[in-house]
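Got chain A sorted already, so can you dock chain B onto it with the hints?
There are 2 protein chains.
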Amino acid sequence: MKERKNQNNAIYVGIDVGGTSIKFGIFDKNKNLIDKFSINTEIKKNCNEKHLINAIFDIVSEYCNSKKLKENKILGIGFAMPGPVINNKLLHAVNINWKKEYDIVSATKKRFGKNTKVCVLNDANAAALGEYNYTLKEKYESICLITLGTGVGTGIIINGKLIEGKSGIAGEVSHIRVDYSDSAVKCNCGNIGCVETMASCTGLINIYNRLINKDSTTKNIYRDNQSSKNGAREIIHLAKRGDSVALNALNIALDNLSKLIVILMHVYEPEVILIGGGMSNAGAIITNIIKKHLKEKVFMTKLLPNVMIAKLKNDAGLCGAVVNL
Amino acid sequence: MKERKNQNNAIYVGIDVGGTSIKFGIFDKNKNLIDKFSINTEIKKNCNEKHLINAIFDIVSEYCNSKKLKENKILGIGFAMPGPVINNKLLHAVNINWKKEYDIVSATKKRFGKNTKVCVLNDANAAALGEYNYTLKEKYESICLITLGTGVGTGIIINGKLIEGKSGIAGEVSHIRVDYSDSAVKCNCGNIGCVETMASCTGLINIYNRLINKDSTTKNIYRDNQSSKNGAREIIHLAKRGDSVALNALNIALDNLSKLIVILMHVYEPEVILIGGGMSNAGAIITNIIKKHLKEKVFMTKLLPNVMIAKLKNDAGLCGAVVNL
Chain A
2 MKERKNQNNA
12 IYVGIDVGGT
22 SIKFGIFDKN
32 KNLIDKFSIN
42 TEIKKNCNEK
52 HLINAIFDIV
62 SEYCNSKKLK
72 ENKILGIGFA
82 MPGPVINNKL
92 LHAVNINWKK
102 EYDIVSATKK
112 RFGKNTKVCV
122 LNDANAAALG
132 EYNYTLKEKY
142 ESICLITLGT
152 GVGTGIIING
162 KLIEGKSGIA
172 GEVSHIRVDY
182 SDSAVKCNCG
192 NIGCVETMAS
202 CTGLINIYNR
212 LINKDSTTKN
222 IYRDNQSSKN
232 GAREIIHLAK
242 RGDSVALNAL
252 NIALDNLSKL
262 IVILMHVYEP
272 EVILIGGGMS
282 NAGAIITNII
292 KKHLKEKVFM
302 TKLLPNVMIA
312 KLKNDAGLCG
322 AVVNL
Chain B
2 MKERKNQNNA
12 IYVGIDVGGT
22 SIKFGIFDKN
32 KNLIDKFSIN
42 TEIKKNCNEK
52 HLINAIFDIV
62 SEYCNSKKLK
72 ENKILGIGFA
82 MPGPVINNKL
92 LHAVNINWKK
102 EYDIVSATKK
112 RFGKNTKVCV
122 LNDANAAALG
132 EYNYTLKEKY
142 ESICLITLGT
152 GVGTGIIING
162 KLIEGKSGIA
172 GEVSHIRVDY
182 SDSAVKCNCG
192 NIGCVETMAS
202 CTGLINIYNR
212 LINKDSTTKN
222 IYRDNQSSKN
232 GAREIIHLAK
242 RGDSVALNAL
252 NIALDNLSKL
262 IVILMHVYEP
272 EVILIGGGMS
282 NAGAIITNII
292 KKHLKEKVFM
302 TKLLPNVMIA
312 KLKNDAGLCG
322 AVVNL
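Residue numbers (the working numbering), protein chains in the order written: chain A, 2 to 326; chain B, 2 to 326.
No wet-lab data here; the hints were simulated from the structure.
Any given hint could turn out to be false.
Remember, identical chains collapse to one label, so a pair may be satisfied in a single copy or spanning two.
Cross-link-like lysine-lysine pairs, in silico, DSS-like; alpha carbons within 25 Å at most [what the hints assert, rightly or not]: (1) Lys138 / Lys162; (2) Lys162 / Lys140; (3) Lys314 / Lys30; (4) Lys167 / Lys293.
Isolated chain A, as found in the complex (with noise of 0.2 Å):
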């Protein structure tokens, strides 16, 4: 097939868009990525998705004549967008006021050309494909990505290839119950228990919240906290130190977790688990904790999968937006 573009200099772009920020990543013919930035997200009232998109397109004009880079040297752009998406269309994405489907391929390429590629995918499915395909491929065919953050996260790759399903609600399997017990919370998602709940930074919050009110000798410092990744940072940090009240929570919030790992292992068999997002910035004590747990629900153990901390960290997103360029 004939070289579209001349691919002297030539750039993929990836933009991993979300409610606080949105980051930018230049990588080079062979997607490797040579260049990043980040801007604040300013949502304002009515700004509408035409708007955004035409503001990210901006700051990519402007990045190109900064480095004196032609527009056309831009082989592709790959966005990665926090809402459900379905073959490269994005349907909603509430934390960035996006309230109805619109044609990103299309304005992508009405802005810098019919040939250049475009690919739009859900956030965390983008940072699975990102961490799968730049850190593991080589060894791995079936992987989980889970984040721990604000929310729970997930991306599913199977055989090499990232699930999306026909509506986009495969790989969110933050969403399957894991708490069957009183203390359950309900989730904005209208269910109880999800892990999205009971395994998040603000999961381990409310669950050390739980223990503490339940022990009156000891002050609740979480209580009124807003930040869900600095409490948990907090909480974590006792936990290290051997607070039992602590480590107890993050015992509990890991618990629901490998619960959901052990769902995870009989429907295709996962071979690693990857753990990322504020929480995993811990380290070992988290998949350590993990492991521990699947050990006690999964009699053999060489049917377990590898746990580990991913480690493109925020970077996973932009370099997964770009793979199937």
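Structure of chain B alone, referenced to chain A:
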């Protein structure tokens, strides 16, 4: 590529080995099922892997003799086996006294020639592959077959491919826990409240008996019923006639099953849930109750998979065994 065997009158053989019978299916070169028969499985105490496989080979040879068909007309033989299979290797199979791994592929090639294609699958996976390839693949890409019999067998197809996993546990979703109540029953696998024990024919009888025992005015007719299929059939018969206890039991069993289906939706969004096994003979009452429970659990009804009765019945394993030859 040169044809290795003359394909005139050539056949494929599918063999579905179970604890009570061994089924044989004869397929033409286009894999249409043209003949079938079965024999009782007589597993004597000292019968080992080699004895059984040779007995099976002898029956294939006898069939060829009786049809005046040369054995070199056998293009391939596929096996559906009652135990975990990895890469064409059956690890073990309790029901047929198969205690260790045995190389079925080599044994088959030794007996019928090295160009004979051989495929070994787990029986539930073979059934899923058979149902998918013979009845659904024109319209769908991802399905789950759930057979409700003495236990619950399951097989998963994602993007047209059977999911087997690296150690054969993938697709064994009947051992996912769905009942977290006090009445959850212990499963043979060692866990509690698995779909296997809470939604099978055996599970239905257990639930019915538990309800009956609460209500002392109703006679417990299934307490000593040894045949789970007959017992389940009678309960469903009562339910169809409006018996409230039987209907309640059926609702509880299929509610347990619907919890599994919701989990599968979150993982890979199957487009079709195929219900097979003895309980599926009851027809629409089964699928209607499952659909009702799914609607209660999933708000966006357009996300719901099609719930249908499997079509191939006892031929599913035979058909699946030859698909990959």
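Here is how each hint holds up against the structure:
{"no.": "1", "hint": "Lys138 / Lys162", "in the structure": "both (10 Å within a copy, 19 Å between copies)"}
{"no.": "2", "hint": "Lys162 / Lys140", "in the structure": "both (14 Å within a copy, 20 Å between copies)"}
{"no.": "3", "hint": "Lys314 / Lys30", "in the structure": "within (22 Å within a copy, 52 Å between copies)"}
{"no.": "4", "hint": "Lys167 / Lys293", "in the structure": "between (36 Å within a copy, 22 Å between copies)"}
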